[in-house]
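Asker: Given next are the chains, with one letter for each unit.
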Amino acid sequence: MTEVLTLHDELGDDLPDGLVPDETELPDGLTGLLASAVDPLEVTAALEAEGFGDRAAHRYGFDDVFTLAQRLYDTSVRRPPRPIAFDNPWARQGPLWKTGLRYLLRGVLFGLPGLGYVAAGPLLAHRSGGLVLTLSLVLCWPVSQGVAAVAYSREGGARKRVLALGIVLGTPLLALVATALGLAVGSGPAIIAVACAQSFYLLAATAALVMGAELRLLACLLPGTAVTLAGLAWQFQVFGWALTGLCVAALAHERTRGGSDPGVSWIMLGRAAPYAAFGLLAGGLLTFTIVAAYGGYGAPAPATSAAMVALSIAMGPAEWLLTAFRARGHGLLHTSRTPRSFASGARTAFGDLLARFLLVLALLLGTAIGVAGPTSGEGRVFVCFLLLGGALVVALMLQSFGRTAAPVGLCAGALLAETAVLMTAAPDPGAVQLHGAVLLFAALLAYAVVVLGRATTHR
Amino acid sequence: MNVTLVTEGTYPHAFGGVSVWCDQLVRGMPEHAFRVVALTGTGLERRVWDPPENVAVEAFGLWGPAPRGRKPRGVAARSFADAFRTLLTLTATGAEAPGGGGPDAAASAAFAGVLRAMYDLGPGLVAALHDERPVGWLMREWTTRVLPEGVRPSMHDALMAVSLLEHALRPLVLPPAEADLTHAVSNGVAVLPALAAKWAHGTPLCLTEHGIYLRERYLGYARGHTWPVKALMLRFLRLLCAEGYRSADLITPGNRYNQRWEVRCGARPELLRTVYNGVDPAAFPPSGPEPVVPTLSWAGRIDPIKDLETLIRAFALVRAEIPAAVLRLFGGGDAGYRRKCEALAERLGVADAVAFEGRVDDIRDAYTAGTVVMLSSISEGFPYTLIEAMTCGRPTVSTDVGGVAEAVGPDSRGRECGLVVPPRDPEAMAEAAVGLLRDRAARRAMGAAARRRALEDFTVDQAVASFRGVYRELVARGPVAREPVVA
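Chains B and X, in that order, are what the protein sequence lines are. For the first sequence, the numbering used here puts the final residue at 459, and the numbers step up evenly by one. For the second sequence, the numbering used here puts the final residue at 487, and the numbers step up evenly by one.
Rather than coming from a laboratory, the hints here were simulated on the basis of the structure. One thing to keep in mind: the hints can contain errors.
To be verified - Restraint-style ranges between C-beta atoms, simulated for each label pair:
#1 G156/B - E342/X: 30 to 36 Å
#2 R78/X - A405/B: 52 to 58 Å
#3 R46/X - L215/B: 50 to 56 Å
#4 S344/B - E342/X: 27 to 33 Å
#5 E58/X - A273/B: 25 to 31 Å
#6 A405/B - A343/X: 52 to 58 Å
#7 P89/B - A282/X: 26 to 32 Å
#8 P52/X - T99/B: 56 to 62 Å
#9 A273/B - E178/X: 34 to 40 Å
#10 Q93/B - L348/X: 42 to 48 Å
#11 L246/B - A343/X: 30 to 36 Å
#12 G32/B - D361/X: 49 to 55 Å
#13 D82/X - P427/B: 37 to 43 Å
To be verified - Only part of the chain B face toward chain X is listed, based on derived beta-carbon distances under 10 Å:
#14 E48
#15 F66
#16 Y73
#17 P83
#18 W266
#19 I267
#20 L269
#21 L333
#22 D352
#23 T375
#24 S376
#25 R380
#26 H458
As the list claims (entries may be wrong) - Footprint (simulated), chain X over chain B, 3 or more residues, beta carbon under 8 Å:
#27 39-45
#28 211-222
#29 336-347
Nothing here was measured: the structure is a model prediction, and the numbers come from that model. Glycine included, each C-beta is placed from N, C-alpha and C at the ideal position.
Chain B on its own, in the form it takes in the complex (with noise of 0.2 Å):
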């Protein structure tokens, strides 16, 4: 490359191949393009795409333009450039502050719909009514599961009606269970009603979520937590909550007006299928003890709510570490130059993020139930929720990256076995719960440690 043009006229016999042109001769871009190339070929489909073909070749006196590729080639060294940053799709957007403030504010719109429970407190005192309104709250998990899965694998219009629809059709479903299950266990009106709007406010809230309008949820959770925390008459609190349910309606409104054709195909609804008994599965699991109770194994502990709501709150951290795992995994894929060591980077970085987890679960459930006051019992329900927890996020994490048979799989086993062992030897519901916790957990992270090592996993 560094010799000069020199026509062909004037060589010798000794170089019949003709000599190279000058780099201001050739295409632009091609010095670097020769840097980079993987073979002479790839030199000849870049020359002939700038238009410096065989006719040109013979100007220099090469028979053709594959000559000349070659000559080029051959002169040349191969250096090519090193990529400069890779795009990390994971990535956390904005600084740090606003996304840590982001997922928190998601943990507390989690949480903070448990305070209704307070204000209905009177209607709970109901053996039926309290079975009521857990059963139906259990069973809104999977329809908001599911909804948000199919809703996330759509974009623009279609994922707007996707949740319209999700509301418009799951609202009067579940409204219908919860009335056939206070029919039949003889609850009140006022139950049935307060279940119903419990389904509504589940799958708006969903839709906001999904949306990305957890400031605007948070405000229209404002009047009923305040009369709540104010402790004002029932009067108040149920038009409080009622407000509350209004405004939720039409913010949910206004994030999905304007859809479009959702084209939702039965094979996508099977992909969210697995989404969906999860939901399901996880309610089990964390109402064990409260539907045993209903069913006559005795009362759970009286740090169940408390710890409920802690978990709840958590689920916002935890939905950041997901982000953050996959984040720092693409990361790993980049500099990692073996399987092994990627393994390592995987399983540390897994390690490290459940780790932090944890820790801020169990500071959440410990600020929970101490606000709740000493009661008995409270330090097996800390251990359970913790692990549950921890279980919990193991399995979102796998579902995250689209392992969900193992994870559903390995749920509907606890919470069959517990279901099981309570059934047949009716011992304290409360050590089920925690022995199904244990067990869990060390599953799913024995599996979650080989799968996530695993580099496929990540792509």
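Given the coordinates of chain B, work out where chain X should sit on it, guided by the hints.
Answerer: Then chain X, alone, in the frame of chain B:
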């Protein structure tokens, strides 16, 4: 007879010259039943062509949901491991040594064995390629190679390369239907279903190339991939194209110019038979009187490969000589490139004389509008716009790319049917255009010669008749003996 026509990213899901050609072919031979295996992105794309009744379309997405299949076990798993590792020794190489030739006979035979072994796995192939082990094998293979300075493959490179291979090899899992003939409309992945039909039923293969598949891939992979991934995929595609040429019973390039690449990449010259594209003369009658204003017209897709910048620069030079001249550009396409061209015309002070006319319903209007029809592309196969303009009897100035020189070369009486200038050379293009614009007699003679030439050599009936003959010949030879595979 039953013909399997394999297309990739063209008929019936996309517009463009190759799709026009496919449509002409299947409509021209209503006596044959065509099964079009259309290799596309997802397999769910909307069709933009309405195929006639003798055509059944089967779309197969290279990038859609993975075909279902069980991961091979036992003997099959070992066979996959052997095949894939052989593939890696052939493709995961460093930079080619200076003076290195193309793939040798041993490499070609080994590659053929790899494809055959992968075909034998059936749908399990895709599941096997999704596994973790191929990624590890590739990383290990790279550590044994001398790579260019500063190249250190990452796990991401290995994942990317294995994934690209998986998508490229997918057509091997298509069960080959029994047919009298497979006609692949390009080299590359479109050849895989043809190879499968050959292995399963001994079906003969006709391979048509309009452009050069490998050349286009070299250009496509030049950007957007890291060096190790690019090197591996180009090695793979080079071997695949060589296998396509080697396995074809007849190769029908769309122009003679393509043969340079084809022979260099492994095609046997005695199997090459050029079949030119053709147009329907009834759709392109003589254009009649010239426009009043001296006009240069251009028709096509607005795209950098058409090099409209050179055309606009040339026009500015023409305008300096003939101030009344105008340039009319017909066609839609890349809006960004169009803006760039408009800005160039503005800078050169000819914006008022350059008109972007957009798409026209009848492309013939674009040729009628021109005193001279221009073609400024830096790359072409055998462009329809050129032979259509010729059929209309218009004089042309074109760049010397692909089969252009063959199209406008002297007719049977030795008369030029169009002018050819070097690509990216505004001065030469302007000189040719000015010469024609100033010489009415030359224009008339050239237009008449061009039309005569087009009616003689570039009609759709001729193109279809050639393929009718090719089909008959290949089927008459009977099923091809199944070749033993050398592993």
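Asker: Does each hint fit the structure? Answer for all of them.
Answerer: Taking the hints in turn, this is what the structure says about them:
Between G156/B and E342/X the beta carbons are some 31 Å apart, a value that agrees with the proposed interval 30 to 36 Å. For R78/X paired with A405/B, a C-beta distance near 27 Å fails the hint of 52 to 58 Å. Checking the proposed 50 to 56 Å range against R46/X and L215/B shows it is violated: the Cβ atoms sit about 40 Å from each other. Here the CB-CB span from S344/B to E342/X is close to 56 Å, at odds with the stated 27 to 33 Å.
Between E58/X and A273/B the C-beta distance comes to about 29 Å, which sits within the given range of 25 to 31 Å. Separation of A405/B from A343/X is about 56 Å and conforms to the stated range, judged on CB atoms against 52 to 58 Å. Checked against the hint of 26 to 32 Å, the C-beta distance between P89/B and A282/X comes to roughly 54 Å, which is inconsistent with it. Checked against the given bound of 56 to 62 Å, the beta carbons of P52/X and T99/B, roughly 57 Å apart, stay inside it.
Taken as a hint, the range 34 to 40 Å holds for the pair A273/B and E178/X, whose Cβ atoms sit roughly 38 Å apart. Between Q93/B and L348/X the Cβ separation comes to about 43 Å, which falls inside the hinted range of 42 to 48 Å. Restraint check, L246/B to A343/X: a C-beta distance of roughly 55 Å breaks the suggested window 30 to 36 Å. Taking 49 to 55 Å as the suggested C-beta distance range, the pair G32/B and D361/X does not conform, at roughly 43 Å.
Between D82/X and P427/B, the C-beta spacing of about 56 Å breaks the proposed range 37 to 43 Å. With a least beta-carbon distance of about 7 Å to chain X, the hint placing E48/B at the interface is held under the 10 Å criterion. Hint status for F66/B relative to chain X: holds, with the closest Cβ pair at about 6 Å, below 10 Å. Given hint, Y73/B at the interface with chain X, holds; its Cβ is 7 Å from that chain's nearest Cβ, closer than 10 Å.
The beta carbon of P83/B comes within 6 Å of a beta carbon in chain X, closer than 10 Å, and the hint placing it at the interface holds. Because the closest C-beta pair between W266/B and chain X is about 13 Å apart, greater than 10 Å, the hint is violated. About 8 Å separates the beta-carbon of I267/B from the nearest beta-carbon of chain X, less than 10 Å, and the hint is met. For L269/B, the shortest C-beta to C-beta distance to chain X is roughly 14 Å, which exceeds 10 Å, and the interface hint is violated.
With its C-beta approaching chain X no nearer than about 4 Å, L333/B sits inside the 10 Å limit, and its interface hint holds. For the restraint placing D352/B at the interface with chain X, the shortest Cβ-Cβ distance is roughly 19 Å, beyond the 10 Å limit, so the hint is violated. With 10 Å as the threshold, the beta carbon of T375/B stays out of range of chain X, its nearest partner Cβ sitting at about 49 Å, so the hint is violated. The beta carbon of S376/B is not positioned within 10 Å of any beta carbon in chain X (closest approach about 49 Å), and the interface hint is therefore violated.
A cut of 10 Å between beta carbons decides the hint on R380/B: the least distance to chain X is about 40 Å, and the hint is violated. At about 8 Å, the closest approach between the beta carbon of H458/B and any beta carbon in chain X falls short of 10 Å, and the interface hint on this residue holds. Counting residues of the region 39-45 of chain B whose CB lies closer than 8 Å to any CB of chain X gives 6, so the stated coverage by that chain holds, three being the minimum. Judged by the Cβ-Cβ criterion of 8 Å, the region 211-222 of chain B is not covered by chain X as claimed, because only 0 of its residues qualify and three are needed.
Check result for the region 336-347 of chain B against chain X: holds, 5 residues qualifying (beta carbon to beta carbon below 8 Å, three or more required).
Hints 2, 3, 4, 7, 11, 12, 13, 18, 20, 22, 23, 24, 25, 28 from the earlier list are contradicted by this structure; the remaining hints agree with it.
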